[in-house]
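The listed protein sequences correspond, in order, to chains R, P and G. To get the working numbering, take the position in the first sequence, counting from 1, and add 7. To get the working numbering, take the position in the second sequence, counting from 1, and add 4. To get the working numbering, take the position in the third sequence, counting from 1, and add 736.
Please keep in mind that the hints were generated in silico from the structure rather than gathered at the bench. Any given hint might turn out to be false.
Claimed, not checked - Capping the alpha-carbon separation at 16 angstroms, the derived lysine to aspartate or glutamate pairs in EDC-like fashion look like this: (1) G:K837 <-> P:E40; (2) R:K63 <-> R:E104; (3) G:K795 <-> R:D190; (4) G:K837 <-> P:D117; (5) P:K88 <-> P:E155; (6) G:K858 <-> R:D167; (7) R:K63 <-> R:E115; (8) R:K50 <-> R:E104; (9) G:K795 <-> R:E132; (10) G:K837 <-> P:E41; (11) R:K188 <-> G:D817; (12) G:K795 <-> R:E45; (13) R:K130 <-> G:E791; (14) G:K795 <-> R:D139; (15) R:K83 <-> P:E356; (16) G:K853 <-> G:D817; (17) G:K772 <-> G:D790; (18) G:K805 <-> R:D167; (19) R:K130 <-> G:D790; (20) P:K306 <-> P:E356; (21) G:K853 <-> R:D167; (22) R:K83 <-> R:D190; (23) R:K220 <-> R:D58; (24) R:K221 <-> R:D210.
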Amino acid sequence: MSDVNSQRRGFLKTSLGVAAVSIAPGMLLFDVAHGKSEAVTSKVRWGMMIDTAQCKEGCNECVTACNTENGLTGGKLPTDSQWIRKIEIKDISSGRELSLPMMCQHCEQPPCVDVCPTGASFKREDGIVLVDKHRCIGCRYCMMACPYKARSFVHEVVTDQNPDVPRGKGTVESCTMCVHKIDAGEQPACAQSCPNKAILFGDLNNQESEIYKKVHSVASVQVRADLQLNPGVRYQGL
Amino acid sequence: MPSLSSLHFKNRIYWLLMAIGVLVAAAGLFSVHMMEEHGHIISGMNNQIVWGLPHVFAIFLIVAASGVLNVASIGSVFGKVIYKARAPLASLLSIAMLAGGLTVLMLDLGRPDRVIVAATNFNPTSVFAWNVVIYSGMFSLIVVYLWTMMEQRMNAWTKPAGILVFAWRFILTTGTGMIFAFLTARQAYGSALLPPMFIVLSFAWGLAVFHLVQASIYSWNEKQLDDSIMARKKNLLGIFVLGSLYMVAAYHFTNMYFAHQKGFELFILRDGGIYPNLFWWGYVVIGNLIPLVLIFGPGLGKSKCVMMASLMVVLGAFSLLYVFIVGGQAYPLNIFPGHIAISSFGDGQISEYHPSIYEILLGFGGLAIAFVITIASVRILNFMPQDKPYIAD
Amino acid sequence: MKLLASLLLFLCMPVVWAAEANIPKPDIGKGGQCVKDTQWMRKNHMHLLVHQRDETVRKGIRDDSISLKNCIECHASTKDDSVIARNDSFCVACHHYEAVKIDCFECHSGTRKSAWKQRSAK
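Can you make the complete structure from the sequences, with help from the hints?
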């Protein structure tokens, strides 16, 4: 081998070594999505149990937490996105009042998935209903179909998004059950932030989980159960 | 007696009409550009009223497009001679209005740059995805049908092509009705009555549009349509108007009977402000009752009356669609039956909708596209009816 | 004929020289060893992105090394923590040169996650 070539080789080896040494610490330190190399399966079904007795009127902790986590403005104009909202309801006949959070119910038979022309609205194997923004054309048919008015349309340009939560103009979005947090083994922001622990998150299929035990012991209902969509979110005390 | 020569436009009028059409279409495209840049925030639509004025225009154009084919079908399928002569113009109108309506729909998308995605990713359970196939199929079938009519050697195939077009257009209108019929959660929609209702509405609206276009083109060419031909067709319009009034009445009557639908029906028919006004005055009176009087009234029923009636049917169509599409969304979703709800997201509240200039421009742009296609095609090819001396069949 | 051919070739030289002068010089941020070599990435990054995004979004497969956030973590400029902020930012430099519009950042953040987190924590 000629002198020049061996010199070049030496140079390349050294610079690679230097480069490796310089980025290695960075690669150990950075906090991107925790690696998961296998697909999710339907062995797990994520769901939530909301105890409306613990939910206080006027408290908006879950909404604020969701807005902060997902980079929503928190605005209340008719064009602003609201992934979760507090609803105050009053029984017409009895006059009983109740406060509860309403978000995407992550149905087992989601009408939004049925109507989406491109398949952008889809249900992940583990039960989370999401919008694949790569395919969403912004037709808003899913918004018409949702019985819970869970979906919002992004009406204006979005900047400075949370790197974990991509969202942009012209697509439809809704509560993702903080899928980026769930995949990292954490809880959704709303469940984590409720001061009264009104929102219980867990695996509905896991017999050892707290939510499974609660669903099987206390009375709870699904909203609009008559539509037979089998939502993953249940309400206690409704 | 109308001459046997085909109708072409006089130059000056033609260029003037084209200029107007292209200008309005350009205005529509301008508003699309603005929406692309700034987002739908500049429109009047929001998270409660997700489909607005553009959809009113688009659905009118699509429903009328399928209805106008009736004129052709009565000729090709049922063999009535004066309708046969009108089949090419009806088919052209159908293509033109379908193109206009679909353009409005596609350009109102949040991401119209992703139309390719829509054309290549089909969700088999989505009626929108079915419609992509049905609408494109309709275009191709009409083109084939036109070919069988205009190419003398293919005239023998006109009847089978006509039957196919006749069946396909029923599927198309059913598809349009099913868009709404499948929305089980909404009180305004979710009814099996909607596909047949849309079919009957298409009969009336299609024929009304046909009358208007035919009369306009005749007058721009300073020719006169034979009154006896007009007499037959006006009765058909009358029947279709009666039919559509019946369907809408049946829909609302049945709806009102259900206790849980009463609130919504009272909103549409009595308490909703603009919606009852548009429904009663716009649709029932202007869109149905006055045309019926003009068509069947003693001493009336001449060409001018039929033209007025057709125009009013079209105005009634827009009124009904506005009430149906926008009014249906303005009434809040009943998420907790038996409860009153209130929230920061419009729960329990009637939503407001104020169309912006961009939506108006987009809607008219769609009409303009249909207009330009029709005018240009009539000048270039032989679409206008060539009536032989009228013999009752 | 030969004279004509050589004349034409001679005229091409300034064009080549000028084109070379315009070659984009992206700010590669932290740079160093990428998950694949540069030439492979130049030819195939778009296919990798399009395939991987479906795996991640629809199946929940979040392979660190080929996640978009990871690319940005390395390639965001060390000056402004972004892959899209300036004309010579990592993504913009070449895309601008090739006149291919980048759609990704309509929705995705172009900012290094660690920097974004620091900024929003304040």
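Note to self: Does R:D139 sit within 16 angstroms of G:K795, going by the straight-line distance between their CA atoms?
What the structure shows: Judged against 16 angstroms, a Cα distance of about 11 angstroms means the pair holds.
Margin query: Check whether the Cα positions of G:K837 and P:E40 lie no farther apart than 16 angstroms.
Written below: Satisfied, since the Cα-Cα distance of roughly 15 angstroms is no more than 16 angstroms.
Notebook entry, point to check: Do the alpha carbons of R:K83 and R:D190 lie within 16 angstroms of each other, as the hint requires?
Noted result: 30 angstroms, violated
Check: Does G:K795 pair with R:E132 here, judged by a C-alpha cut-off of 16 angstroms?
Finding: Between G:K795 and R:E132 the Cα gap is close to 7 angstroms, so the pair holds against 16 angstroms.
Checklist line | 16 angstroms limit on alpha-carbon distance, applied to hinted pair R:K130 and G:D790 | finding: Status holds; Cα separation ~13 angstroms.
Item checked: Straight-line alpha-carbon gap R:K130 to G:E791, limit 16 angstroms -> 14 angstroms, holds
Next item on the list: Would you check the hint for G:K858 and R:D167, treating anything up to 16 angstroms between C-alpha atoms as holding?
Entry: Distance of about 15 angstroms is within 16 angstroms: holds.
Notebook entry, point to check: Is the hinted pair G:K837 and P:D117 satisfied, with a Cα-Cα distance of at most 16 angstroms?
Noted result: 12 angstroms, holds
Margin query: Between the alpha carbons of R:K63 and R:E115, is the straight-line distance 16 angstroms or under?
Written below: 29 angstroms, violated
Checklist line | Pairwise hint evaluation, R:D210 against R:K221, where the allowed Cα distance is 16 angstroms at most | finding: Answer holds: R:K221 to R:D210 is near 12 angstroms, not above 16 angstroms.
Check: Under the criterion that the straight-line Cα-Cα distance not exceed 16 angstroms, is the pair G:K837, P:E41 satisfied?
Finding: Satisfied, since the Cα-Cα distance of roughly 15 angstroms is no more than 16 angstroms.
Margin query: Check the hint pairing P:K88 with P:E155 against an upper bound of 16 angstroms on the C-alpha distance.
Written below: Distance ~15 angstroms between P:K88 and P:E155 Cα, so the pair holds.
Checked against the numbered hints given earlier, this structure breaks hints 7, 8, 11, 17, 20 and 22; the rest are met.
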